[in-house]
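Chains F and Y, in that order, are what the protein sequence lines are.
Heads up: the first sequence begins at 1 in our numbering, then just goes up one per residue.
Heads up: the second sequence begins at 1 in our numbering, then just goes up one per residue.
Keep in mind that a hint or two might mislead.
DSSO-like mimics (lysine-lysine), calculated; alpha carbons at most 27 Å apart, straight line [said to hold, decoys possible]:
| hint | chain 1 | residue 1 | chain 2 | residue 2 |
| --- | --- | --- | --- | --- |
| 1 | Y | K108 | F | K236 |
| 2 | F | K27 | F | K12 |
| 3 | Y | K79 | F | K236 |
| 4 | Y | K234 | F | K236 |
| 5 | F | K42 | F | K12 |
Source of the hints: derived by calculation from the structure; they are not laboratory data.
The model shown is predicted, which means the values in this text are computed figures rather than measured ones.
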Amino acid sequence: MATLEFERELVKLREDLEEIREDRGFKGDREARISELEFELKARTTRVFAELTPWDKVQLARHPDRPHALDFIDLILTDFVEMHGDRHFGDDPAVVGGPAKLAGQRVMVIGHQKGRDTRENVRRNFGMASPEGFRKARRLMVQAEKFGMPVVTLLDIPGASPVLEAEERGQAWAIADNLLEMAGLRVPIVVVVIGEGGSGGALALGIGDRILMLEHTVYSVASPEGAASIVWRDHKFAPEAAAALKLTPPDLIELGIVDRIVPEPPGGAHIDFDAAAELLVGALEDELAALAGRDIDALVAARYEKFRSMGRGAVAPV
Amino acid sequence: MKIFGRRDRERRGPEGLWHTCRECGEMAYEREFEMAHKVCPKCGFHERLSAPERIALLLDDPEAFVQIAPRLATTDPLKFERDGLTYPEHLARYQQSSGLIEAVICGKGRLDGAEICLAVIDFRFLGASMGAVVGEKITLTVEAAMEARLPLVIVNCSGGARMQEGMLSLMQMAKTSAALRRFHDAGLLYISVMTDPTLAGVTASFASLADVIVAEPGATIGFTGRRLIEQIVKQKLPEDAQSAEFMQEHGMVDLVSPRRALKDLLGRLLNLYTGAGAPVDSPAEEAEAASVEESPEGPEAAPKVDESQPAGGQV
């Protein structure tokens with residue numbers, strides 16, 4: 001388990017609590033001690049999380065123990081069959097997807113996929129998708145439209161792969177094609193940021209009828225490090241950039257970009273995958289049910305209007 | 001709003017001044033350099049053009065260009081500040097130095113007789129970064145072209161997203177792409193001209209979502225900037241990586257056109273794809289006579305297709 005600086009005291013409390021729960025020979029009132037510790041853990045968690053800076057929130061969204069796309073797929077969906085390949089060049093393990101069922105209903109699920117350990121991270125390029133990943137995603141979206149399945153996308157990417165090979169194979173073109181495709185896709189699309197919503201690589205799976213963010217995630221035009229090196233000319237100003245970029249879920253609700261925040265269990269999704277999955281599945285069921293009844297022309301028109309209006313409040317004639 | 005300021009009209013400068021090429025370091029007569037639309041007469045390096053210069057290069061009558069939303073400006077939605085410098089203060093510097101309100105000029109005009117909607121992005125304005133104004137004006141131009149059923153030409157360049165507008169900037173990629181989806185569904189022509197540099201969010205949205213992509217020689221084109229790639233892979237990239245020619249070789253752009261032939265090429269493409277403007281099979285003399293008459297800057301300013309260029313891909 002990885003532990004962030006501000007998580008230390010909470011981890012210590014959780015360990016103490018676990019120890020007493022397991023210690024059959026505890027001297028004294030074991031039950032009372034447990035509820036005392038539970039109360040303290042709850043209070044301290046609330047306090048610690050209330051005081052997080054935007055930069056802390058970035059760390060939390062990048063927490064290596066957070067559930068990734070395949071963890072959520074495993075916990076909230078059934079019958080998932082992972083599809084591979086873009087039919088042009090290769091298969092990108094940094095993007096996963098395929099048909100599955102959510103509460104018995106067919107869906108096409110597509111997500112960015114980070115690795116759990118070093119070896120898997122190398123294989124999945126730390127979740128930094130290549131053009132092949134975006135093209136696989138597009139292929140699955142087109143299939144979803146053909147077979148009338150709503151699309152659920154799970155966003156968790158530091159940024160699109162920044163290497164020359166990706167450039168040679170048209171990274172920008174692959175992302176742009178997805179934007180064009182999703183803008184007019186004739187099935188409902190629900191987008192969920194489950195970790196790090198990093199820039200254009202995130203947006204390449206990010207156009208939909210409803211945009212959700214898990215409570216401890218971020219969604220940003222560039223990584224705070226990248227923005228700092230552009231604006232401050234030094235990536236060390238990442239904490240300042242994180243604050244200035246307005247990348248947390250409440251910020252993005254206020255800017256009219258995100259529709260809904262999905263709560264996470266106390267301490268974050270990485271403390272309790274099952275509880276996090278249950279909260280997510282509830283939100284997805286609501287959202288998909290609300291979209292299922294909509295006339296498809298009206299839905300696509302409303303999706304256009306949703307994105308057409310973004311930034312309208314940010315411009316005015318002088 | 002006037003797009004041709006005093007500086008633009010006087011841009012040729014007095015005779016006898018020298019221009020030093022940013023690429024080869026050789027000196028050439030300023031006048032010769034300006035007459036070649038800022039292409040180095042020694043090495044062929046294409047210096048960046050401002051948006052007014054580009055409009056003057058491409059349109060039959062630049063003064064007749066009717067602008068779309070010329071006075072649109074940002075409202076600083078994030079209240080962005082860096083070291084005590086607010087975003088509006090930062091912008092004011094660029095507005096002063098460039099004479100522009102924002103990084104893009106859009107409108108309607110004629111190119112070789114064909115009526116088009118044209119958007120031109122200007123690198124001098126904050127690295128031609130895309131914020132809500134750029135996204136909105138590009139979208140308005142796409143919509144205007146759709147409304148009037150006109151071809152669309154966008155002369156692209158950009159360093160990427162406008163950091164100071166955060167996620168609202170990223171969402172302009174979605175907005176412009178959604179507008180282009182409707183535009184393409186309506187069966188209309190969009191030609192993208194990629195100039196130096198066309199990078200990041202602009203390449204990954206409206207710049208590449210075109211029917212035809214024309215690039216200027218030597219322009220840097222791509223998604224991730226060279227500096228970041230080199231930082232990450234910890235090695236120098238080849239000199240030509242991400243050049244227009246490199247991108248053409250990898251199948252990402254249709255044509256690399258020298259600037260002197262650009263207007264003629266666009267005129268031909270507009271005619272070939274839509275039938276608009278001067279017919280391509282008209283006798284050469286007639287086309288020449290027409291462009292001499294229409295060009296506000298005389299015959300030397302009207303670029304022609306250079307027959308000495310190799311065929312096969314390059315124009």
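We went through each hint and held it up to the structure:
1. Y/K108 to F/K236: Violated, at roughly 45 Å.
2. F/K27 to F/K12: holds, 21 Å
3. Y/K79 to F/K236: holds, 21 Å
4. Y/K234 to F/K236: holds, 19 Å
5. F/K42 to F/K12: Roughly 13 Å between the alpha carbons, so the hint for F/K42 and F/K12 holds.
Of the hints listed earlier, the one the structure fails to meet is number 1.
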